[in-house]
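Dock chain B against the given chain A, drawing on the hints supplied.
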Amino acid sequence: MTLMNLLKSLFPIERFKVVGTSMIPVIGAGQYLLVAKKSFLFNKPEKGDIVVLKPPIRSRKIVKRVFKVLGNKYFVRGDNLNESTDSRFFGPVKAEHILGKVLFTI
Amino acid sequence: MSIKKREFKVLTRKTQTTKLFMPMKIISILFNLLDQINPAQAVYAHCDVPCGIYDPKPAQLAAETVEKMVEKILQLPSEGTGKEILEARNSFVRMVKVKEEHAEICKREVLILWTDFFKEENLKDFPNLHDLVWKTTKLCSKNKREVNPKTAKDLRESVDKIAVIFNKVKAASK
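Top line first, the protein sequences correspond to chains A and B. Letter 89 of the first sequence, counting from 1, is numbered 89 in this note's numbering, and no numbers are missing. Letter 1 of the second sequence, counting from 1, is numbered 107 in this note's numbering, and no numbers are missing.
Simulated from the structure, these hints should not be mistaken for laboratory data. Any given hint could be a false lead.
Selected chain A positions facing chain B (in silico; Cβ < 7 Å) [claimed, not checked]:
#1 Arg15
#2 Val18
#3 Gly20
#4 Ser22
#5 Arg60
#6 Lys61
#7 Leu81
The beta-carbon is built from N, C-alpha and C at its ideal position, and this holds for glycine as well.
Next comes chain A alone, as it looks inside the complex (with noise of 0.2 Å):
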């Protein structure tokens, strides 16, 4: 792991850049997000929150919103249902799939 790899993990804010549309009107394709990649270590996701994960089927990271907490499991969706791959296709995800929060878009 080089220095730089090393810095960046530990950071507790991660920069990442959309691909796709299912998360329109709210974030659009290549905006720029910032996400607090340690908050979930404290708060728990919460219904509403815009999230980064890695669903365990699929290799990608991705954004979605959490619709709804089943007990330590969370259902994601996209915000635009039409062109969403979402828990309706990979089912409800837990908490250790979450990367982390979305705290600002650019």
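Same frame as chain A, but now just chain B:
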């Protein structure tokens, strides 16, 4: 008095606009610059449900059917008794119909892969993809117009090339 009030309002609105949007613009420019130096990770917000059911096989089957029909049309007898000629004409019309339909199916299936399965980033790995798809769909139309074994073979080979790229893209995304 009323004029002064109006001027004040306009000024206030202008000031607010400047206050609200200038920092965002600067931040946006900074982020773009930062992205050039150290690209942000991609996070996906898209629909990929249908990816699992995309397949180049229907296009390949249609292209093979077109080739088979061309072969069979060329084997039809041009001489014979009245009954034989009638049967050959009947077969000819049916074969041309099947060729026409399958060339159309092939074109549609290739375009579905092109518009729905392949993504912009795939062009970086397969720079000839755009040209290949374009020429393949043109070959579909050419096969409708002609009864030419070479045109039919070209179509089958082009579709096979698209299938090879499809399989590579699919394997890479797993």
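How the hints compare with the structure:
| no. | hint | verdict |
| --- | --- | --- |
| 1 | Arg15 | 4 Å, holds |
| 2 | Val18 | 5 Å, holds |
| 3 | Gly20 | 3 Å, holds |
| 4 | Ser22 | 4 Å, holds |
| 5 | Arg60 | 5 Å, holds |
| 6 | Lys61 | 5 Å, holds |
| 7 | Leu81 | 10 Å, violated |
Of the numbered hints listed earlier, the single one contradicted by the structure is hint 7.
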